[in-house]
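Undergrad: Okay, here's what each chain looks like letter by letter:
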Amino acid sequence: MKRLTARALANWSVAFTMLATAGVSSAQGYGSDGVIVRSEVVSDVAVGGETVVGSEGDASGDPAGYNTGVGRGYGRPDLFYNNYTQGYANATNAQMYVSPVPVPPNVGHTYGTYQPFYPEEYLYWHKNRFHNYYDNGRGTNRTRATYYAPPVRQAVSNIYWNYLRLPR
Amino acid sequence: MLRPLLFAAAAAATFPAMNLSPASAVDPYAVTDIWNRNFAADRPWHGPYYHIQYGQPTALVVPPTAHMRQTYSWGVSQNKMMPIHHQFGRNASSPGARPHGSFRPTPGWPSHTDQFGVYYVRGPW
Chain Z
1 MKRLTARALA
11 NWSVAFTMLA
21 TAGVSSAQGY
31 GSDGVIVRSE
41 VVSDVAVGGE
51 TVVGSEGDAS
61 GDPAGYNTGV
71 GRGYGRPDLF
81 YNNYTQGYAN
91 ATNAQMYVSP
101 VPVPPNVGHT
111 YGTYQPFYPE
121 EYLYWHKNRF
131 HNYYDNGRGT
141 NRTRATYYAP
151 PVRQAVSNIY
161 WNYLRLPR
Chain B
1 MLRPLLFAAA
11 AAATFPAMNL
21 SPASAVDPYA
31 VTDIWNRNFA
41 ADRPWHGPYY
51 HIQYGQPTAL
61 VVPPTAHMRQ
71 TYSWGVSQNK
81 MMPIHHQFGR
91 NASSPGARPH
101 GSFRPTPGWP
111 SHTDQFGVYY
121 VRGPW
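Protein chains in written order, with our numbering: chain Z, 1 to 168; chain B, 1 to 125.
A hint or two may mislead.
As the list claims (entries may be wrong) - Computed from the model, here is a short list of chain B residues facing chain Z with C-beta under 7 Å:
1) D27
2) K80
3) P83
4) H86
To be verified - If you want the footprint, here are the derived chain Z segments under chain B, 3+ residues with CB under 8 Å:
5) 79-87
6) 91-98
7) 107-115
What the hints assert, rightly or not - Across the chosen pairs, the derived CB separations fall in these ranges:
8) Z:Y133 / B:I52: 20 to 30 Å
9) Z:R129 / B:T106: 54 to 64 Å
10) Z:T143 / B:G75: 14 to 24 Å
11) Z:A155 / B:R90: 52 to 62 Å
12) Z:Y160 / B:W109: 50 to 60 Å
13) B:A92 / Z:K127: 43 to 53 Å
14) Z:N82 / B:W109: 30 to 40 Å
15) Z:Q154 / B:P95: 32 to 42 Å
16) Z:A155 / B:W35: 43 to 53 Å
17) Z:K127 / B:W109: 44 to 54 Å
18) Z:F80 / B:R43: 28 to 38 Å
19) B:P110 / Z:T146: 23 to 33 Å
20) Z:N132 / B:N91: 16 to 26 Å
21) B:R104 / Z:N82: 24 to 34 Å
These are computed hints drawn from the structure, not numbers from a lab.
Every residue gets a Cβ at the ideal spot worked out from N, C-alpha and C, and that includes glycine.
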């Protein structure tokens, strides 16, 4: 088992060096020992000067590949997105940020820069996961967030606010 | 031997009671979500009144797990419970804000809670 792992590592290192030097086309064939090297491009930078379908780095002046329309294996989530009322019968619409009504452009805008702290996440009891892709998709950071209210304190608060509190 | 079984039974009995998450599998196929979307597609989220501070109908963000709203009114009982269909979504929508005068002000003698120009919209999931 240990020897197999060492061989696998050796294969991987060979594969990576081949990736770095000679491009992608030779990355196959080194997975004969149970290590599967995918034939897709791992890197986001076009290596070796060749253009590979499905990778970024087209020659169309779009180095990040944002407008190529080519599906890729990872997402590009917006850091901050607004939410709007939906439907076709609305005479006016509301956006959730800035609440409660749109402000003139000279007022500016407020951006939340950390998705787990968005206010709408605190509205109900749930779990959520946030993925951040950095280094052009080479790395992923995953954040799990649990939005939780302690049930006993919640129950006591409910009894107080809904039954005991004097309405005034 | 019996005690661990009892503990396990007690834990199994208390776990559903503690798992009070409102988004749990009461509606596993999200049928009410479909209903809400269909209802929200062809009726507005707002009423004909504007909020007196903003000049627009104002959306009050409520939790997405909220189902119903309560309206109170004067007169022979018009206190109604109605579902909250609308939910904030990702798509940018048009038209945006209307100019002043597109909606009615709150009457000087309000007779219904919808006349205050605040309407519930559920937050996004």
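Undergrad: Now tell me, hint by hint, if it's right for this structure.
TA: Against the structure, the hints:
no., hint, in the structure
1, D27, "violated, 15 Å"
2, K80, "violated, 20 Å"
3, P83, "violated, 14 Å"
4, H86, "holds, 6 Å"
5, 79-87, "holds (count 7)"
6, 91-98, "holds (count 5)"
7, 107-115, "violated (count 0)"
8, Z:Y133 / B:I52: 20 to 30 Å, "violated, 46 Å"
9, Z:R129 / B:T106: 54 to 64 Å, "violated, 43 Å"
10, Z:T143 / B:G75: 14 to 24 Å, "violated, 52 Å"
11, Z:A155 / B:R90: 52 to 62 Å, "violated, 34 Å"
12, Z:Y160 / B:W109: 50 to 60 Å, "violated, 34 Å"
13, B:A92 / Z:K127: 43 to 53 Å, "violated, 28 Å"
14, Z:N82 / B:W109: 30 to 40 Å, "holds, 37 Å"
15, Z:Q154 / B:P95: 32 to 42 Å, "holds, 40 Å"
16, Z:A155 / B:W35: 43 to 53 Å, "violated, 30 Å"
17, Z:K127 / B:W109: 44 to 54 Å, "holds, 47 Å"
18, Z:F80 / B:R43: 28 to 38 Å, "holds, 30 Å"
19, B:P110 / Z:T146: 23 to 33 Å, "violated, 42 Å"
20, Z:N132 / B:N91: 16 to 26 Å, "holds, 23 Å"
21, B:R104 / Z:N82: 24 to 34 Å, "holds, 27 Å"
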